[in-house]
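Engineer: The residues making up each chain are set out below.
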Amino acid sequence: MMIYLQIFLAFFIPGILGYGGGPASIPLIENEVVDRYEWMDVNEFSEALAIGNALPGPIATKMAGYIGYQEGGLLGGIIGVFATVAPSLFLMIVLLGFLYRYKESPKVKRMTSYIRPTIAVLLGVMAFNFFSTSYEDSGIWQTIFLVVSSYLLLERWKVHPAFVIMGAMVYGALLMS
Amino acid sequence: MTQWQLFLAFFRVGMLGYGGGPSSIPLVHQEVVKKYGWMDDDEFADVLALGNTLPGPIATKMAGYIGYRVAGITGMLNALLSTILPTIVLMIVLLTTVASFKDYTWVKGMTAAVVPVVGVMLAVLTLDFYRKSTETLGWVKAFILIAVSFGLIEWLGLHPAILIAGLLLAAIVQKDKEKISEIEEKKEKR
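Protein chains in written order, with this note's numbering: chain P, 1 to 177; chain D, 1001 to 1190.
Please keep in mind that the hints were generated in silico from the structure rather than gathered at the bench.
Here the structure is a predicted model, which means the values were calculated and not measured.
A couple of the hints might just be wrong.
As the list claims (entries may be wrong) - Some chain P residues close to chain D (C-beta under 8 Å, calculated; not the full set): (1) Pro23; (2) Ile59; (3) Arg116; (4) Ala120; (5) Pro161.
As the list claims (entries may be wrong) - List time: in silico SDA-like cross-link candidates among lysine to any residue, alpha-carbon distance up to 20 Å: (6) D:Lys1035 / D:Phe1011; (7) D:Lys1034 / P:Tyr151; (8) D:Lys1035 / P:Ala162; (9) P:Lys109 / D:Ala1123.
We treat Cβ as the ideally placed atom computed from N, Cα and C, and that holds for glycine.
The following block holds chain P by itself, in its conformation from the complex (with noise of 0.2 Å):
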């Protein structure tokens, strides 16, 4: 029974602490699992983590996912899920409810148009740092091949994204190993 608890603290911690979505939350997973409860050392967390980023998804629930069931079985496993995403998204519906019911109001129109500017830049941000990423991993050239050949598919061409991923994958798979 103790174990289900910790496990439940172990990810509802990082979920209600960890702004800026999944990836942000790791080092706060990193501290309770690593450091508090020692399930796993800094090794096989690294372990974890890496092969957790090498597939597709979100990160953070895939961590909980696996933690969870390795400490306490299949209800550990959907402890450490449900600890990660339960009280977040309940904060989202009970708030985009509100202002859903108030969409109308010119307040809440004026929110919409003051805020998306921000996250213009914070998208613009997280796509510079992909960029660099690739850049860093893959070089110049394969960089540059990617980004514009998937610019015309998806823009050009309207090609569905599905496609040009999957595309992308056998391509790396074949010529980037």
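Using the hints, position chain D against chain P.
Structural biologist: Chain D only, in chain P's frame:
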């Protein structure tokens, strides 16, 4: 039918987003706004803004909320599980069976090749938001807000959540122009 579409939309988001939850933002936009039309760009901007202001993983907040909006609690669970479950299962299977998975060079190549593609999708979405900003706020105001946001976040290291919360507060506190002009009209009538 809607549940099946929710499943497909968020399954694709979960399986195609490399680089953690934030990389799934343009994918969610593609599915929710462009493909299924469950939301317009304005609502998506609100979801993204609030998602960035609240703590916790961003992909699950978006999936959960959008699922809830489209099809209630069942929709929420459906979208959430479609986003996270497939890759959690993959992770457990890979870590408990083949521990050397990440050492295969083709896996590294595959992951590395997706990164710039997601970068392009994020850049395109950035441009969308920029255009929408200049449309609603006018060129000057939008430019000032962008410059100030960039300076505060990137140079002064202000946390984006604080900035967004501040802007939301400013929008609430500011008096509504329409109402003021209405009051003035009434005064003039008297």
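Engineer: For every hint, state whether the structure bears it out.
Structural biologist: Hint-by-hint comparison with the structure:
1. Pro23: 4 Å, holds
2. Ile59: 4 Å, holds
3. Arg116: 5 Å, holds
4. Ala120: 4 Å, holds
5. Pro161: This hint holds: P:Pro161 lies near chain D, its Cβ roughly 5 Å from the closest one there, short of 8 Å.
6. D:Lys1035 / D:Phe1011: Roughly 14 Å separates the two Cα atoms, so the pair holds.
7. D:Lys1034 / P:Tyr151: 17 Å, holds
8. D:Lys1035 / P:Ala162: 12 Å, holds
9. P:Lys109 / D:Ala1123: 25 Å, violated
Hint 9 from the earlier list is the only one contradicted by this structure; the remaining hints agree with it.
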